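Throw the hints in and build the complete structure from the sequences for me.
Chain by chain, the residues run as shown.
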Amino acid sequence: MEPFEIIIEYWPKLLDGALITLKLTFLCTLAAAIISPCLALFRVNASPIAQAPLRLYISFIRGTPILAQLFLIYYGSGQFRPLLQEWGLWSFFRDPFNCALLTFILNTTAYQTEILRGGIMGVNLGEIEAGKALGMNKMRILQRIVFPHAYRIAWPALGNEIILMMKASALASVVTIFDILGRTRQIFSRTFDFSIYLWAAILYICITAIFVLIWRQAELRLNKHILPSDHLISADDSFQSTTVKRLRDE
Amino acid sequence: MNKLFSKSHIAKMCMVVVMSLPIMVSSAAAEKLRVATEGAYPPFNSINSSGEIVGFDVEIGLELCKRIKAECSIVAQDWDGIIPGLIANKYDFVIASMFITEERKKIVDFTDPYYLAAMTHLVAKDSKIIEFTSESMKGKVIGAQSGTTQSDFIEKSYPDADIRLYPTQDEASLDMASGRLDVMVGDVLPLLDWATKTKDGECCELRGDPITDPAFVGDGVGIALRQEDDELRERLNNAIVEILADGTYKKINDKYFDLNVYTMK
Amino acid sequence: MFELLSFGENGWGDEILDGVAITAQLAIATLPVGLFIGFIVAFAAMSKNKPLRAIGYGYTTLMRGLPEILTLFVVYNGAGLLLNALIKWWSVGAEPIDFSPFIAGVIALAMVFGAFSAEVLRGAFNALDEGQVEAGRAVGMSPKVIFWRIKLPQIWRFALPGLGNLWINMLKDTSLVSIIALNDLMRMTKVAVAFTKQPFTFYLVACLIYWLMSLLSEMILAKMEKNANRGIRRV
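Residue numbers (this note's numbering), protein chains in the order written: chain A, 1 to 250; chain B, 251 to 515; chain C, 516 to 750.
For the record, the hints were derived by calculation from the structure and aren't laboratory data.
Remember, it's a predicted structure, so these values are computed and weren't measured experimentally.
One should not assume that every hint holds.
Cβ pair distances, simulated, as ranges [to be verified]:
1) A:Lys-23 with B:Lys-319: 53 to 61 Å
2) B:Asp-376 with C:Pro-547: 53 to 61 Å
3) A:Leu-222 with C:Ile-570: 26 to 34 Å
4) A:Asp-16 with C:Pro-547: 35 to 43 Å
5) A:Ile-202 with B:Asp-410: 26 to 34 Å
6) C:Arg-652 with A:Asn-137: 55 to 63 Å
By construction, the Cβ of each residue, glycine as well, lies at the ideal position given by its N, Cα and C atoms.
The structure is reproduced here in structure tokens:
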């Protein structure tokens with residue numbers, strides 16, 4: 001079959017797969033976006049002993065392949081079916097989508113927490129003191145000063161992490177989920193036409209490209225008030241230098 | 251490939267650097283053949299706790315090699331890539347319980363069948379499913395190995411079911427045992443073996459009539475070769491006849507099965 | 516459980532250890548190839564030649580946008596088919612050639628490593644202090660000496676943290692080759708699971724081994740960074 005014939009015949013399936021990929025990526029990013037700020041604050045403020053479990057979790061996630069994590073949760077949970085059934089959790093673990101989602105949430109939360117921690121540590125102390133001087137309470141300071149600034153610093157790294165997660169979601173195909181790669185392998189095993197892999201590659205690149213454009217646009221918006229002409233805010237310099245430094249560390 | 255950094259590895263790496271398109275020229279010595287099997291399909295082919303590839307397919311394959319006077323090495327290859335690998339010359343033939351189907355015949359050639367097979371449904375022992383129709387399978391979770399005739403069968407026969415396709419049969423069985431699947435479709439022999447001989451398989455039993463529709467089951471199970479290798483195909487065909495005639499086939503057969511898989515009686 | 520992990524006939528300890536060896540070989544073989552690609556792509560991206568620059572940027576963008584596992588499939592299945600088709604077209608009777616899963620794994624992982632390391636290296640080149648190069652010239656060093664004595668040690672220092680991260684990522688990515696039937700740690704674990712029906716036990720063991728390798732790498736990298744940063748003035 002010719003490359004174009006194959007895409008004409010199978011594009012609905014590939015599109016189906018793309019929706020699953022996007023859904024997985026979106027849901028795990030969203031969940032991590034809700035959990036990670038709390039964890040990041042804990043990581044910055046809690047005593048070393050109190051945060052030991054959290055550090056262990058982060059180290060484990062960062063030190064092991066996501067494929068192994070996925071198998072551990074998906075096939076591993078099968079080994080504990082009676083127990084999970086007793087707790088009423090089996091109906092959750094029975095579904096491969098849930099297992100994949102849980103793995104990806106656990107994974108990306110660890111990374112986002114570390115990224116955000118870097119962001120929070122980059123916030124200029126003087127600004128927090130200024131907040132205190134104005135009589136803001138702790139909540140206010142977090143809400144008005146720490147987090148807006150931390151997210152500005154962490155923004156590019158967070159974008160990278162979301163792209164990495166989108167790519168990692170292709171692994172869901174090995175636990176029977178029909179995401180882009182799952183569909184691609186299905187079509188390939190039927191047609192043995194290699195060009196379907198190239199179409200899948202194009203699809204992934206398009207998703208990444210569109211995401212990068214949106215993310216940059218959002219970054220410009222976030223930084224509108226501190227972009228070049230404005231040298232009055234002293235934080236500007238520290239922001240610039242931390243961003244450059246972070247980019248280098250990536 | 252078990253040794254740490256053999257000379258050939260270093261040589262290969264050098265080639266990578268020098269040519270940037272590293273290639274390994276395959277030896278064309280007539281008597282050295284590479285044979286692919288999957289290694290995740292007991293009792294036909296699987297890997298044991300010593301890391302060796304064993305099973306009915308492997309023993310038959312090695313016996314056939316002996317008869318055609320070839321020195322064979324068995325390689326494991328994942329199922330999805332097993333036909334592309336053959337075409338790409340990663341090995342010379344495939345003995346991996348592959349059904350001879352029209353679809354596959356468009357791309358590869360097959361020897362005469364070396365055993366007959368049928369497919370079957372497998373359910374949990376306490377399952378209430380008694381019949382298998384497109385209607386009754388609606389919404390049920392059905393699993394099979396991807397890229398197989400079984401997956402073709404469920405996709406065409408039960409379009410409204412929740413279909414799960416696994417890279418290997420082992421993984422499908424794992425999920426059947428843990429209760430993720432309502433129904434599993436597979437070859438009769440491996441499923442029977444699993445349900446009656448393994449602890450994991452105790453959960454389940456074969457149910458319903460065997461599926462023998464030639465559209466899916468084809469003409470039995472054969473050895474796959476590249477289409478241009480007519481001569482090798484003929485030699486293998488003769489060897490199959492030979493081991494059937496002199497009782498070697500039966501000896502291997504009886505080691506694994508209670509019935510004769512060549513005639514399925 | 517300990518019997519399952521023992522060495523010898525009934526245990527899976529030795530098979531898993533074999534897998535660890537393959538994983539380590541794969542990662543170690545990939546590193547120089549990946550760095551080589553990284554340098555070439557970084558030089559291309561920094562060159563004054565416009566098409567060359569476009570190729571450099573295009574390559575990094577492309578590889579960073581593709582899932583590693585897809586790259587692996589394409590290299591393993593596709594490159595073989597393509598090469599053979601080319602060879603057939605070139606001369607009909609030619610011998611077919613073949614990628615072993617190991618070579619395919621090295622190429623695919625190195626292509627990914629190359630794309631990411633190119634970015635790190637480019638950043639390191641850009642961070643070089645021009646003044647030091649000028650100082651080198653002022654004391655009469657040749658461009659070659661400047662490169663070896665001034666540029667390279669500093670690039671090394673700037674790039675090391677980033678390259679270290681990439682090394683650990685690559686080490687983890689080697690698990691993907693299990694899907695193309697190379698007997699690495701992950702695949703041997705899968706085989707053990709299929710045999711013993713104890714997925715949690717074995718995948719946990721695999722995770723712990725990967726974790727150990729990552730922690731070990733981190734320790735070594737920390738030492739290397741300390742070494743690379745000797746003689747740097749602290750503020």
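Now for the hints, and whether the structure bears them out:
{"no.": "1", "hint": "A:Lys-23 with B:Lys-319: 53 to 61 Å", "result": "holds, 56 Å"}
{"no.": "2", "hint": "B:Asp-376 with C:Pro-547: 53 to 61 Å", "result": "holds, 58 Å"}
{"no.": "3", "hint": "A:Leu-222 with C:Ile-570: 26 to 34 Å", "result": "holds, 33 Å"}
{"no.": "4", "hint": "A:Asp-16 with C:Pro-547: 35 to 43 Å", "result": "holds, 41 Å"}
{"no.": "5", "hint": "A:Ile-202 with B:Asp-410: 26 to 34 Å", "result": "holds, 31 Å"}
{"no.": "6", "hint": "C:Arg-652 with A:Asn-137: 55 to 63 Å", "result": "holds, 58 Å"}
The structure meets every hint from the earlier list without exception.
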